[in-house]
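Asks: For the sequence shown, position 121 (counting from the first letter as 1) is numbered 120 according to our numbering, and the numbering increases by one without interruption.
Watch out, some of these pointers could steer you wrong.
Stated by the list, open to error - Here are the simulated lysine to aspartate or glutamate pairs, EDC-like style, with alpha carbons at most 16 Å apart: (1) K146 with D117; (2) K212 with E224; (3) K295 with E224; (4) K315 with D239; (5) K193 with E328; (6) K212 with E328; (7) K315 with D288; (8) K66 with E216; (9) K151 with E170; (10) K212 with D71; (11) K53 with E70; (12) K201 with E216; (13) K315 with D277; (14) K257 with E216; (15) K151 with E34; (16) K164 with D54; (17) K257 with D239; (18) K193 with E34; (19) K193 with D173; (20) K151 with D117; (21) K164 with D288; (22) K66 with E170; (23) K315 with D284; (24) K151 with D239; (25) K146 with D244; (26) K315 with E216.
Treat the hints as calculated values from the structure; they're not laboratory data.
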Amino acid sequence: MRNVKMPIAFIVFVLLISCKKETITVLQSDSFRFEVPSHFPQPHYQSLLNPVSKDGFELGRRLFYDKRLSEDNSVSCASCHHQQFAFSDAGQSLSEGVYGRLGFRNSPAMYNLAWMPDFMWDGGVNHIEIMPFAPLTDSVEMNMDMKALLHKLETMPEYPTLFQKAFGSPEINDQRLFYALTQFMVMLVSSNSKYDWYVTGKGNLTQHELSGKQLFEQHCARCHEGILFTNYGYFNNGLDASPEDIGRERITQNPMDKGKFKVPSLRNVALTAPYMHDGRFSSLDEVIDHYRFGIKQSVSLDAGLENGISLTDSEKSALIIFLETLSDEKLISDQRFSSPF
């Protein structure tokens, strides 16, 4: 779901909109149980009220791929988040919403969302269960009024039955809609790359990949840290001296946050071009050259980037080869996550 402009107040936990808390008791099967990989930390999202079930997951999957959730029936969540590109909108700097409208930021990849403390490039949404509200209602994305959307779902013959199977009754409300989408989204776990095989002792990296890994740890791991390859912080990485998009400042109202954006995970990064919040770089080669030669000075620039990053061409090549080990072929081919239509 693309990063969209929302009211600053949206950072407040907006499950207050009309949701009532309900405890859902479900049976889980092995293929539809959320499990934490052995080499991962505990996730941020640990809701006992919304455990993943097969029927809840399948409902969320159908909703994720259903274009009828948009005003003109032309856009689904999957329209901007394609499985084969690690649920990014690969190749598109800005994604197209209803009536051909363009957003103003690049659609981020979607995986390992259960570990994410807040969402969107500027952190304007702080809970996974409400994150879908933004693209569903934004005028340049899906442009749906929530009441109208719920009524629309009620009139579709299949959805009352699917909600019945997932939640025990055919009632369709916003909380159940968000719960179902969340069950699908939290299952998008990326933990099966060549690098993961190396870390868990199931495979090896080549000498060239290990050289790239050493360079990565030296120059990149301060922000893209740990097994998730992000610290989830917000930094100005020198894209613009005077940024038109003020980024995190829009949320915090702190001028020192101007031009700061969330540090994205670099898992699957070779699959998710273009890069940065506005998709300005079309390749990893361009991204690394930005850090080598293109840093723009500003008052909020991250101090560690003031002099750029010194890399030779051969070191750049090794770094890219290491980043390619972070691609998860299982994630992009798993039939559980593919379109049900």
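Asks: Hint by hint, note whether the structure agrees.
Replies: Here is what the structure says about each hint:
no. : hint           : verdict
1   : K146 with D117 : violated (25 Å)
2   : K212 with E224 : holds (12 Å)
3   : K295 with E224 : violated (23 Å)
4   : K315 with D239 : violated (23 Å)
5   : K193 with E328 : holds (9 Å)
6   : K212 with E328 : violated (20 Å)
7   : K315 with D288 : holds (8 Å)
8   : K66 with E216  : violated (42 Å)
9   : K151 with E170 : holds (13 Å)
10  : K212 with D71  : violated (46 Å)
11  : K53 with E70   : violated (28 Å)
12  : K201 with E216 : violated (21 Å)
13  : K315 with D277 : violated (23 Å)
14  : K257 with E216 : violated (27 Å)
15  : K151 with E34  : violated (34 Å)
16  : K164 with D54  : holds (6 Å)
17  : K257 with D239 : holds (10 Å)
18  : K193 with E34  : violated (20 Å)
19  : K193 with D173 : violated (39 Å)
20  : K151 with D117 : violated (29 Å)
21  : K164 with D288 : violated (52 Å)
22  : K66 with E170  : violated (21 Å)
23  : K315 with D284 : holds (8 Å)
24  : K151 with D239 : violated (43 Å)
25  : K146 with D244 : violated (31 Å)
26  : K315 with E216 : holds (13 Å)
Hint check: violations occur at hints 1, 3, 4, 6, 8, 10, 11, 12, 13, 14, 15, 18, 19, 20, 21, 22, 24 and 25; the rest are consistent with the structure.
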